[in-house]
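Asker: Sequence:
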Amino acid sequence: MAVDRNALKKWEKVREFALGLPGATEEFPWGGSVAKVNRKVFVFLGVDDGSHPLGVTVKLRDETAHAHALAAPGAEPTGYGLGKAGWVSLPLQEKGAPSADLLCDWVEESYRTIAPKRLIAELDAR
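Every letter in the sequence shown is one number past the one before it in numbering that gives the first Met the number 0, and letter 103, counting from 1, is 102.
Misleading hints may appear alongside valid ones.
What the hints assert, rightly or not - Cross-link-like lysine-lysine pairs, in silico, BS3-like; alpha carbons within 27 Å at most:
id: 1; residue 1: LYS94; residue 2: LYS39
id: 2; residue 1: LYS12; residue 2: LYS94
id: 3; residue 1: LYS39; residue 2: LYS8
id: 4; residue 1: LYS8; residue 2: LYS116
id: 5; residue 1: LYS116; residue 2: LYS83
id: 6; residue 1: LYS35; residue 2: LYS83
id: 7; residue 1: LYS94; residue 2: LYS8
id: 8; residue 1: LYS116; residue 2: LYS35
id: 9; residue 1: LYS12; residue 2: LYS116
id: 10; residue 1: LYS94; residue 2: LYS116
id: 11; residue 1: LYS35; residue 2: LYS12
id: 12; residue 1: LYS35; residue 2: LYS8
It should be emphasised that the hints constitute simulated quantities derived from the structure, not laboratory data.
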(Lines of atoms letter the chains of each structure in order from A; the text may use other names.)
(Lines give C-alpha, C1' and ligand atoms only; values in the text may rest on other atoms or scores of the structure.)
Protein backbone atom coordinates (compact mmCIF):
# COMPACT_ATOMS: atom_id res chain seq x y z
CA MET A 0 0.00 0.00 0.00
CA ALA A 1 1.46 3.35 -1.05
CA VAL A 2 1.73 6.06 1.58
CA ASP A 3 -0.12 9.26 0.66
CA ARG A 4 2.36 12.16 0.94
CA ASN A 5 -0.15 14.65 2.36
CA ALA A 6 -1.36 12.13 4.93
CA LEU A 7 2.25 11.35 5.85
CA LYS A 8 3.01 15.05 6.39
CA LYS A 9 -0.01 15.32 8.71
CA TRP A 10 1.02 12.16 10.56
CA GLU A 11 4.59 13.43 11.02
CA LYS A 12 3.36 16.81 12.32
CA VAL A 13 0.95 15.14 14.76
CA ARG A 14 3.66 12.74 15.98
CA GLU A 15 6.17 15.58 16.48
CA PHE A 16 3.54 17.65 18.32
CA ALA A 17 2.54 14.74 20.58
CA LEU A 18 6.12 13.88 21.49
CA GLY A 19 6.84 17.55 22.26
CA LEU A 20 4.25 17.64 25.05
CA PRO A 21 5.62 17.58 28.63
CA GLY A 22 6.59 14.08 29.76
CA ALA A 23 5.56 12.45 26.47
CA THR A 24 7.33 9.29 25.35
CA GLU A 25 6.99 7.04 22.31
CA GLU A 26 6.58 3.30 22.57
CA PHE A 27 5.78 0.57 20.05
CA PRO A 28 3.35 -1.93 21.57
CA TRP A 29 1.36 -4.09 19.17
CA GLY A 30 3.72 -3.11 16.33
CA GLY A 31 2.57 0.52 16.09
CA SER A 32 3.64 3.83 17.58
CA VAL A 33 1.87 5.32 20.58
CA ALA A 34 2.56 8.46 22.58
CA LYS A 35 2.33 8.04 26.33
CA VAL A 36 2.39 10.27 29.35
CA ASN A 37 2.82 8.85 32.84
CA ARG A 38 2.92 5.35 31.24
CA LYS A 39 -0.59 5.84 29.75
CA VAL A 40 -1.40 6.14 26.04
CA PHE A 41 -2.85 9.48 24.96
CA VAL A 42 -2.59 8.96 21.19
CA PHE A 43 -2.30 5.89 19.01
CA LEU A 44 -0.26 6.76 15.91
CA GLY A 45 -0.12 3.37 14.20
CA VAL A 46 2.56 2.77 11.56
CA ASP A 47 3.95 4.90 8.74
CA ASP A 48 5.43 2.10 6.63
CA GLY A 49 2.46 1.72 4.28
CA SER A 50 1.36 -1.62 5.74
CA HIS A 51 -1.82 -0.01 7.12
CA PRO A 52 -3.63 3.25 6.27
CA LEU A 53 -2.26 6.24 8.17
CA GLY A 54 -4.40 7.39 11.06
CA VAL A 55 -4.47 8.60 14.62
CA THR A 56 -6.64 7.68 17.56
CA VAL A 57 -7.39 10.15 20.34
CA LYS A 58 -9.53 10.30 23.47
CA LEU A 59 -12.02 13.17 23.34
CA ARG A 60 -14.20 13.78 26.39
CA ASP A 61 -15.53 17.14 25.22
CA GLU A 62 -18.86 16.34 23.54
CA THR A 63 -18.47 18.98 20.84
CA ALA A 64 -14.94 17.89 19.89
CA HIS A 65 -15.99 14.23 20.01
CA ALA A 66 -18.94 14.83 17.68
CA HIS A 67 -16.78 16.95 15.36
CA ALA A 68 -14.13 14.22 15.17
CA LEU A 69 -16.72 11.53 14.46
CA ALA A 70 -18.09 13.67 11.61
CA ALA A 71 -14.72 13.52 9.81
CA PRO A 72 -14.60 11.29 6.71
CA GLY A 73 -13.93 7.68 7.72
CA ALA A 74 -13.79 8.44 11.45
CA GLU A 75 -15.28 5.92 13.84
CA PRO A 76 -15.38 5.01 17.51
CA THR A 77 -12.27 2.99 18.29
CA GLY A 78 -12.66 -0.77 18.52
CA TYR A 79 -11.95 -3.08 21.45
CA GLY A 80 -14.45 -1.14 23.56
CA LEU A 81 -12.32 2.02 23.58
CA GLY A 82 -14.96 3.96 21.65
CA LYS A 83 -17.25 3.75 24.67
CA ALA A 84 -14.63 5.69 26.65
CA GLY A 85 -14.42 8.49 24.07
CA TRP A 86 -11.64 7.20 21.79
CA VAL A 87 -12.03 8.11 18.10
CA SER A 88 -10.01 6.65 15.20
CA LEU A 89 -9.34 9.10 12.39
CA PRO A 90 -7.94 8.04 9.01
CA LEU A 91 -5.64 10.62 7.43
CA GLN A 92 -5.86 9.61 3.78
CA GLU A 93 -9.59 10.26 3.35
CA LYS A 94 -10.61 13.21 1.18
CA GLY A 95 -11.63 15.98 3.58
CA ALA A 96 -9.66 14.49 6.51
CA PRO A 97 -9.01 16.95 9.37
CA SER A 98 -6.05 19.32 9.06
CA ALA A 99 -2.85 18.67 10.98
CA ASP A 100 -3.60 21.69 13.19
CA LEU A 101 -7.03 20.35 14.16
CA LEU A 102 -5.55 16.90 14.79
CA CYS A 103 -2.94 18.49 17.06
CA ASP A 104 -5.73 20.25 18.98
CA TRP A 105 -7.40 16.89 19.51
CA VAL A 106 -4.09 15.30 20.53
CA GLU A 107 -3.68 18.06 23.13
CA GLU A 108 -7.19 17.44 24.43
CA SER A 109 -6.45 13.72 24.66
CA TYR A 110 -3.18 14.50 26.47
CA ARG A 111 -4.98 16.75 28.97
CA THR A 112 -7.41 13.88 29.67
CA ILE A 113 -4.57 11.50 30.53
CA ALA A 114 -1.71 13.64 31.90
CA PRO A 115 -1.19 14.40 35.58
CA LYS A 116 -2.01 17.93 36.75
CA ARG A 117 1.64 18.93 37.20
CA LEU A 118 2.37 18.23 33.52
CA ILE A 119 -0.77 20.06 32.40
CA ALA A 120 0.41 23.03 34.48
CA GLU A 121 3.81 22.80 32.74
CA LEU A 122 2.05 22.82 29.34
CA ASP A 123 -0.08 25.81 30.34
CA ALA A 124 3.04 27.70 31.44
CA ARG A 125 4.57 27.43 27.94
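Asker: Hey, LYS35 versus LYS12, does the alpha-carbon distance stay inside 27 Å?
Answerer: 17 Å, holds
Asker: Starting from LYS94, check that the Cα of LYS116 is at most 27 Å away, please.
Answerer: 37 Å, violated
Asker: With a cut-off of 27 Å on the C-alpha distance, tell me whether LYS35 and LYS83 pass.
Answerer: Distance ~20 Å between LYS35 and LYS83 Cα, so the pair holds.
Asker: Given the proposed pairing of LYS12 with LYS116, does the C-alpha separation stay at or below 27 Å?
Answerer: 25 Å, holds
Asker: Does LYS35 sit within 27 Å of LYS116, going by the straight-line distance between their CA atoms?
Answerer: Given that 27 Å is the threshold and the Cα spacing comes to 15 Å, the pair holds.
Asker: Mind checking the alpha carbons of LYS8 and LYS116 for me, to see if they're no more than 27 Å apart?
Answerer: Cα-Cα ~31 Å, so violated.
Asker: Straight-line Cα separation of LYS39 and LYS8 no greater than 27 Å?
Answerer: Given pair LYS39, LYS8 holds - Cα atoms ~25 Å apart, limit 27 Å.
Asker: Within 27 Å, alpha carbon to alpha carbon, are LYS94 and LYS39?
Answerer: It is violated: about 31 Å lies between the C-alpha atoms, which goes past 27 Å.
Asker: Given the hint that LYS12 pairs with LYS94, does the C-alpha gap stay at or below 27 Å?
Answerer: Holds, at about 18 Å.
Asker: Does the structure keep LYS94 and LYS8 at a Cα separation of 27 Å or less?
Answerer: Given that 27 Å is the threshold and the Cα spacing comes to 15 Å, the pair holds.
Asker: Do the alpha carbons of LYS116 and LYS83 lie within 27 Å of each other, as the hint requires?
Answerer: It holds: about 24 Å lies between the C-alpha atoms, which stays within 27 Å.
Asker: So if I understand the rule, the pair passes when the alpha-carbon distance is 27 Å or less; does LYS35 with LYS8 pass?
Answerer: It holds: about 21 Å lies between the C-alpha atoms, which stays within 27 Å.
In the structure shown, a violation is registered for the earlier hints numbered 1, 4, 10, in ascending order.
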